[in-house]
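S.K.: Spelled out from the first residue to the last, the chains are:
2 protein chains.
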Amino acid sequence: MKKVIPVIMCGGAGTRVWPASRETMPKQFIALLGERSTFQNTLLRLNAEAFDAPVIVTNHDYRFLVEEQMAQVGISGQIVLEPERRDSAAAVAIACEIAAARAPDAVVAVFAADHAVQKVDAFQALCLKAAEAAALGHIVTLGIAPTGPATGYGYIRPGAVAVAAAGVAKVEAFVEKPDAATAQKYIEQGYLWNSGNFFFRADVMRDELAAFEPEIAAAAAEAFARAKTDLGFLALDKEAFAKAPKTSIDYAVMERTSHAAVIPADIGWSDVGTWQAVWELSDKDDHGNAIRGHGVVVGGENCYIRADDTLTAVLGVNDVIVVATDDAVLVVGAQYGDKVKDLVDELKRRKRKEAREHRRVYRPWGYYQSIDGGERHQVKRIVVKPGHKLSLQKHFHRAEHWIVVRGAAEVTRDAETVMVHENESIYLPIGSVHRLVNPGKIDLELIEVQTGSYLGEDDIVRIEDVYHRA
Amino acid sequence: MKKVIPVIMCGGAGTRVWPASRETMPKQFIALLGERSTFQNTLLRLNAEAFDAPVIVTNHDYRFLVEEQMAQVGISGQIVLEPERRDSAAAVAIACEIAAARAPDAVVAVFAADHAVQKVDAFQALCLKAAEAAALGHIVTLGIAPTGPATGYGYIRPGAVAVAAAGVAKVEAFVEKPDAATAQKYIEQGYLWNSGNFFFRADVMRDELAAFEPEIAAAAAEAFARAKTDLGFLALDKEAFAKAPKTSIDYAVMERTSHAAVIPADIGWSDVGTWQAVWELSDKDDHGNAIRGHGVVVGGENCYIRADDTLTAVLGVNDVIVVATDDAVLVVGAQYGDKVKDLVDELKRRKRKEAREHRRVYRPWGYYQSIDGGERHQVKRIVVKPGHKLSLQKHFHRAEHWIVVRGAAEVTRDAETVMVHENESIYLPIGSVHRLVNPGKIDLELIEVQTGSYLGEDDIVRIEDVYHRA
Chain A
1 MKKVIPVIMC GGAGTRVWPA SRETMPKQFI ALLGERSTFQ NTLLRLNAEA
51 FDAPVIVTNH DYRFLVEEQM AQVGISGQIV LEPERRDSAA AVAIACEIAA
101 ARAPDAVVAV FAADHAVQKV DAFQALCLKA AEAAALGHIV TLGIAPTGPA
151 TGYGYIRPGA VAVAAAGVAK VEAFVEKPDA ATAQKYIEQG YLWNSGNFFF
201 RADVMRDELA AFEPEIAAAA AEAFARAKTD LGFLALDKEA FAKAPKTSID
251 YAVMERTSHA AVIPADIGWS DVGTWQAVWE LSDKDDHGNA IRGHGVVVGG
301 ENCYIRADDT LTAVLGVNDV IVVATDDAVL VVGAQYGDKV KDLVDELKRR
351 KRKEAREHRR VYRPWGYYQS IDGGERHQVK RIVVKPGHKL SLQKHFHRAE
401 HWIVVRGAAE VTRDAETVMV HENESIYLPI GSVHRLVNPG KIDLELIEVQ
451 TGSYLGEDDI VRIEDVYHRA
Chain X
1 MKKVIPVIMC GGAGTRVWPA SRETMPKQFI ALLGERSTFQ NTLLRLNAEA
51 FDAPVIVTNH DYRFLVEEQM AQVGISGQIV LEPERRDSAA AVAIACEIAA
101 ARAPDAVVAV FAADHAVQKV DAFQALCLKA AEAAALGHIV TLGIAPTGPA
151 TGYGYIRPGA VAVAAAGVAK VEAFVEKPDA ATAQKYIEQG YLWNSGNFFF
201 RADVMRDELA AFEPEIAAAA AEAFARAKTD LGFLALDKEA FAKAPKTSID
251 YAVMERTSHA AVIPADIGWS DVGTWQAVWE LSDKDDHGNA IRGHGVVVGG
301 ENCYIRADDT LTAVLGVNDV IVVATDDAVL VVGAQYGDKV KDLVDELKRR
351 KRKEAREHRR VYRPWGYYQS IDGGERHQVK RIVVKPGHKL SLQKHFHRAE
401 HWIVVRGAAE VTRDAETVMV HENESIYLPI GSVHRLVNPG KIDLELIEVQ
451 TGSYLGEDDI VRIEDVYHRA
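Residue numbers (the UniProt record's numbering), protein chains in the order written: chain A, 1 to 470; chain X, 1 to 470.
It is possible that some hints are incorrect.
Given that identical chains are not distinguished, each listed pair holds provided it fits within a single copy or across any two copies.
Claimed, not checked - Below are the DSS-like pairs computed for lysine-lysine, each with C-alpha atoms no more than 30 Å apart in a straight line:
| # | residue 1 | residue 2 |
| --- | --- | --- |
| 1 | K129 | K170 |
| 2 | K441 | K351 |
| 3 | K284 | K351 |
| 4 | K339 | K284 |
| 5 | K339 | K119 |
| 6 | K284 | K353 |
| 7 | K441 | K394 |
| 8 | K389 | K246 |
| 9 | K284 | K341 |
| 10 | K170 | K353 |
Don't read these hints as lab results, they were simulated from the structure.
So here's chain A without its partners, still in its complex pose (with noise of 0.2 Å):
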């Protein structure tokens, strides 16, 4: 049997575990659990015999974090830019067009890049015959066993056996997110949960698609027809992605299509879509507290508290949740877990900035992090990976002096080029075009501290940049 061709969607803005997640480092990428996001924990479970390597379509916004992520695990794969988001359906358009280009009857293997999956190898197991349903021509949707009654989640009833050595049924319905009581039906009468992840053939998921939603299928297939390469991402065709509606896919395909099935999947899966699903996956205590960071909790039962850098204490209070960061703290009772959502709209309207960016932001050659400011002056601690730059710039309204604290960094001011190592300064007066680079092999760490009437991240002419931002 060829090689199931992984696809990892990767492109959400997830804020349902605000204040950890943010639009610009968003739910996939974060540590929920463990010391891995959960998009490496995806790849590192389609790292087996039975896949290829994976393909990745996230966001333009993500490029160079999914690349680092994927370094760090050490696992390469073809990584594919959506010029924008225009939900499910046309994802898995794009990802029929990219296997149906090795192989029009190349299986195919669409999975979320946040959810957790505690039983890797019944996984394993799982995709394993889910890809020999998907072979045969069926549309095969892991459906997992309810753990209780979720009103979280849409629902699926199994019907017919559709191919019995691989424990697969037809799908006799979806059915929408339901109240407790019908949930709890549900339950009692077999359905399973519909986890949104499946396996299909490129040329069945292809036709369905032309003849449900031709639009979707035209434009997925022009968008990677004109796709360009760009710092070894494929960036698919702007203008004609655009022209692909936005729709689900469960809506475009799989409620209309003959051929879906469903796989029973008991493989410990969690959507880790609220703080409450991530204390469930946690470790706690005899009191049911579970702590990541600097928590303590004295009088208090069922909490969770992450706090990476700042000591949290809860006293005398029970099934709450608090998240500490460096600039936001969330306090949530453990029933509303799913209502960050509303309160990250809410601080969006009321314009606070920590609703859509973390204080540190990360950029292709490492990350800057605000660690004060004033007035007139803001001090930046800036991380630069071994081997990169960054663009050759210049600032209307600032000055900066870089004091370098650790590595080497090597500094273009106008027309000179100097080295500057640890425990020595330089002084970048306003107006100089300048350029930092570390050209060493280990991370270069300075304090930049800027002075000027005007200290904004826009203030920036770039004059030549290497990750193509110019």
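Guided by the hints, dock chain X onto chain A, whose structure is given.
M.R.: Same frame as chain A, now just chain X:
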């Protein structure tokens, strides 16, 4: 009538409103309500015709804080330094010595620095009456008209009329903090709360102390007689003061003297002893939420949020207090406010520095605040008040880069002295003897980047210090 000598007890290390208050910046110096500290509001309340300049009894560690907070509200007075904490009886004995040195029959009024009084006019009118009765030889305590059956205060049972014109009664009994049912009974029987603020004639209190606690009286007399003036502070003699047994003025005198009297006080008083009390005294919205700083409540009632810099959101939780500082977060159930002290003790056991210190550390010359740190570097913001100078010093393990971002610095570095202006920097190599002075008219602000193998605050050799810390 001679003016009353107000004595403000300002040496406590109150941590009941941690993390806002800590040992290095206790409750009385914090702007708990409004823009000023309770100490400053106390000073302003006593800045009235009937009162002489205040005497502040404080701890050696807080002397510059007291001085600065007095300067901020434009009030001067005598600052007396206790070499160590010996509880309130010793402090009152010292107040007697100070007052008696001016006039043996001077009327003294002793106030806590960390209480709130909402009805200032009523308070001042009351003080005149209390002083009148004190001049007649009574030791008059303020008996607060209870607003509810509080279990956190001692109660006073008023007895026969003492001074009819002043509305002052004899104290029939002081009673311990009651349980809720007993408190209810006390209220029905007209008991008053013991506020711990009182008026007396210096000679009367001195005689009572000499009779009941001769060791305290003797120790105070000797510590005062041998006191030395240093930088304008009156520093009590350490050895003599240490001989005073540790006990409260309630136990030492008030519960034993036949002179105890009480004046009913309807003055909007609170000892602001818990975060719940802060919530009670704060303005609230229609849902009972009180927010100070960057707080947001969605779907919650009767919450208090204090967030000076960090966006703090409460979602779907009622009756909770959330206090976020730059290095610590407290989430406490409204009914558990009196357990904060226990939590702080627990944090001390865990050797958390946040239990004792703030990130911003006040010094006689201004403050410094740690803003970033790594393995071999640390970044601080340093603010020096106009006309102030740091000690002449050197370090064994660290070099320092100073970048001036506001004001002007006069920097001595070994043999040279140079001016460093805004947007200029200077480097201080390891071992160099240096001093920082603000010769200007506005605050000097600079960013200090330290690099080295050991960055502890104790790597400092003070060669010369205008604040006598060398």
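S.K.: Would you mind marking each hint as holding or not holding in the structure?
M.R.: Structure-based check of each hint:
| no. | hint | in the structure |
| --- | --- | --- |
| 1 | K129 / K170 | within (14 Å within a copy, 91 Å between copies) |
| 2 | K441 / K351 | neither (41 Å within a copy, 37 Å between copies) |
| 3 | K284 / K351 | between (36 Å within a copy, 23 Å between copies) |
| 4 | K339 / K284 | both (24 Å within a copy, 24 Å between copies) |
| 5 | K339 / K119 | within (29 Å within a copy, 42 Å between copies) |
| 6 | K284 / K353 | between (33 Å within a copy, 26 Å between copies) |
| 7 | K441 / K394 | within (27 Å within a copy, 33 Å between copies) |
| 8 | K389 / K246 | neither (38 Å within a copy, 65 Å between copies) |
| 9 | K284 / K341 | both (26 Å within a copy, 26 Å between copies) |
| 10 | K170 / K353 | neither (47 Å within a copy, 61 Å between copies) |
When the structure is compared with the earlier hints, violations turn up for hints 2, 8, 10 and for no others.
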